[in-house]
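Peer 1: So the chains spell out like this:
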Amino acid sequence: MRLARVLHVLPYLVVALSLSACVNLTAVRDYSTTAGSVVSQTDVAAMWTGAADRLAQLPNQPQERIAKLRADRERVFKEITKVHNLLGEYYLAVAALAADELVKVDTPIQNLADGVAELDSAFNAEDKQAFISVASLLRLPLDAYRQRELKKFLLQTREPVDRLLTGLAKLNAIYEQSLQGEREIAEAPYRRYLAEATTPPATKLLLARSLREVSAQYDDYLRAVRTYSSSIQLIREKHQAMIAATSDTGELLANAVAQLRQAQASLREARLAIKQASGK
Amino acid sequence: MPKANKTVKAKKATKAKATAKTRGLEKAVALTSVDDLLGLATDLRAAATDLDAKASTAPAEDKPELWAKADDLRWQAQDIYTEAAELALSEIAPFVVEVVTQTADARKVIKKIDKIKNVIEIAGDLVHIAAAITARKVGPLKAWLKELKSDLEQYRKA
Numbered sequence: 001m002r003l004a005r006v007l008h009v010l011p012y013l014v015v016a017l018s019l020s021a022c023v024n025l026t027a028v029r030d031y032s033t034t035a036g037s038v039v040s041q042t043d044v045a046a047m048w049t050g051a052a053d054r055l056a057q058l059p060n061q062p063q064e065r066i067a068k069l070r071a072d073r074e075r076v077f078k079e080i081t082k083v084h085n086l087l088g089e090y091y092l093a094v095a096a097l098a099a100d101e102l103v104k105v106d107t108p109i110q111n112l113a114d115g116v117a118e119l120d121s122a123f124n125a126e127d128k129q130a131f132i133s134v135a136s137l138l139r140l141p142l143d144a145y146r147q148r149e150l151k152k153f154l155l156q157t158r159e160p161v162d163r164l165l166t167g168l169a170k171l172n173a174i175y176e177q178s179l180q181g182e183r184e185i186a187e188a189p190y191r192r193y194l195a196e197a198t199t200p201p202a203t204k205l206l207l208a209r210s211l212r213e214v215s216a217q218y219d220d221y222l223r224a225v226r227t228y229s230s231s232i233q234l235i236r237e238k239h240q241a242m243i244a245a246t247s248d249t250g251e252l253l254a255n256a257v258a259q260l261r262q263a264q265a266s267l268r269e270a271r272l273a274i275k276q277a278s279g280k
Numbered sequence: 001m002p003k004a005n006k007t008v009k010a011k012k013a014t015k016a017k018a019t020a021k022t023r024g025l026e027k028a029v030a031l032t033s034v035d036d037l038l039g040l041a042t043d044l045r046a047a048a049t050d051l052d053a054k055a056s057t058a059p060a061e062d063k064p065e066l067w068a069k070a071d072d073l074r075w076q077a078q079d080i081y082t083e084a085a086e087l088a089l090s091e092i093a094p095f096v097v098e099v100v101t102q103t104a105d106a107r108k109v110i111k112k113i114d115k116i117k118n119v120i121e122i123a124g125d126l127v128h129i130a131a132a133i134t135a136r137k138v139g140p141l142k143a144w145l146k147e148l149k150s151d152l153e154q155y156r157k158a
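Residue numbers (the numbering used here), protein chains in the order written: chain B, 1 to 280; chain H, 1 to 158.
If you are wondering where the hints come from, they were derived from the structure by calculation, not from laboratory data. One or more of the hints may lead you astray.
[What the hints assert, rightly or not] In silico negatives: residues of chain B with every beta carbon more than 10 Å from chain H:
(1) Gln-180
(2) Pro-201
(3) Gln-259
[Said to hold, decoys possible] Derived DMTMM-like pairs (lysine to aspartate or glutamate); straight-line CA-CA distance at most 25 Å:
(4) B/Lys-82 <-> H/Glu-91
(5) H/Lys-157 <-> B/Glu-89
(6) H/Lys-157 <-> B/Glu-149
(7) H/Lys-115 <-> B/Asp-106
(8) B/Lys-204 <-> H/Asp-62
(9) H/Lys-108 <-> B/Glu-89
(10) H/Lys-115 <-> B/Glu-89
(11) H/Lys-69 <-> B/Glu-237
(12) H/Lys-142 <-> B/Asp-114
(13) H/Lys-108 <-> B/Glu-159
(14) B/Lys-104 <-> B/Asp-53
All values derive from a computational prediction rather than experimental measurement. Built from N, CA and C at the ideal position, the CB exists for glycine as well.
The shape of chain B in the complex, shown without the other chains (with noise of 0.2 Å):
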């Protein structure tokens, strides 16, 4: 009677153990999915890399110089693509760490209760309860194993994702100087004719509306990258609060938490801006 009895209890006792262990990784998992889709994105890398295609459409440009400028750019992009997948991959790995249903043995412990009800009559539905209740407790020590691993993790590849971060942060500042110079290569040919004396009214005019069409393109170009350079700087930025969401102390759990949350809304419409003024 009194082993029914702590059978009983058994239920509730797993419950409140799994609570009091449990540290709210959803946050973590959620915004390390999203942080990954935004880092492993290469459009604005590409965008760079397909200066050459955009200028060979000019007319009188050094052809020569096309080819080399595309041919570097190909090698180069190959090695940022690198380093985007990289640091998808190190975001999908957090993910993967962070999720509840890594460490949820309900199913397998169901499978095997069934089985043992099977082999054994005597084993009634208020054995079988019991049994997936203290069965169901190796899920503990599996979430204390992934958490003491995640926040290892985490701080290990502190400073080396800060610096990849960095990394991006400077090809962004050069993506964006670039296209700037580029733009001013595509321009100068319409400004020249238009600052011309003897240029007719008429050619002027359709110059300014080829020159605003040009510079609107560029425009969304430079749009592209520069949302793209403040997604990156933002996940650089919530790096440490996602390295303080592992922990289990209070507030700052909970400011980690909605910092995260924040950061994952902005980054969500920041990759929707970069896929619309990059694909034009």
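Position chain H relative to chain B; hints supplied.
Peer 2: Same frame as chain B, but now just chain H:
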């Protein structure tokens, strides 16, 4: 900083300095950083803008030459931006290696947890098989053997 990375940086700096020299820029700057290269490219673009301004007031026969020079400087600036991107990548190369190693370790932890869950699945399958044998039920036995095979395959993959 690893020796290989230092060599790459030194080579880049020498290349950038030589580029600056051949371009007639008299700046006494040590082009060892991305910022230095970006500064050089900005100077080249500013020089191109000056040449365009000069061309706008120059006699018609001088204009093509001035425009060609301006274009040349702008193209050189584009090459410098490519060099700057290469330098930025070489600066982060050691950290790439570090993150690759740590991420691989994290994946091992995930696999380890998956394996533990898989072992419980296999134990469950074995108990079901034992129950099917005891009850002499061929249908369920076949189904659980199939399940066991699939779980063992998953375990091997993890």
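Peer 1: Determine for every hint whether it applies to the structure shown.
Peer 2: These are the hints, each one checked on the structure:
1. A beta-carbon of chain H comes within 10 Å of the beta-carbon of B/Gln-180; the shortest separation is about 8 Å.
2. Distance to chain H confirms B/Pro-201 as a non-interface residue, since its nearest Cβ pair spans about 18 Å, more than 10 Å.
3. Residue-level check passed: B/Gln-259 sits 23 Å from the nearest beta carbon of chain H, beyond 10 Å.
4. At most 25 Å may separate the alpha-carbon atoms for a hinted pair to count; B/Lys-82 and H/Glu-91 meet this at roughly 14 Å.
5. A distance of roughly 20 Å separates the Cα atoms of H/Lys-157 and B/Glu-89; the hinted pair therefore holds under the 25 Å criterion.
6. A C-alpha spacing of about 22 Å is found between H/Lys-157 and B/Glu-149, which places the hinted pair at or below 25 Å, so the restraint holds.
7. Under the criterion of a C-alpha separation no larger than 25 Å, the hint pairing H/Lys-115 with B/Asp-106 is consistent with the structure, at around 15 Å.
8. Our distance criterion of 25 Å between C-alpha atoms is met by B/Lys-204 and H/Asp-62, whose separation comes to about 22 Å.
9. This hinted pair checks out: H/Lys-108 and B/Glu-89 have alpha carbons roughly 14 Å apart, not beyond 25 Å.
10. Restraint check for H/Lys-115 and B/Glu-89: the C-alpha separation of about 21 Å stays at or below 25 Å, so the hint holds.
11. With a C-alpha separation of about 43 Å, the suggested pair H/Lys-69 and B/Glu-237 falls outside the 25 Å cut-off, and the hint is violated.
12. Pair hint H/Lys-142 plus B/Asp-114 holds up; C-alpha atoms about 17 Å apart against a cutoff of 25 Å.
13. The suggested pairing of H/Lys-108 with B/Glu-159 holds, with an alpha-carbon distance near 21 Å, which does not exceed 25 Å.
14. Proposed proximity of B/Lys-104 and B/Asp-53 is contradicted: the alpha carbons are some 51 Å apart, above 25 Å.
In this structure, the hints that do not hold are numbers 1, 11 and 14, in rising order.
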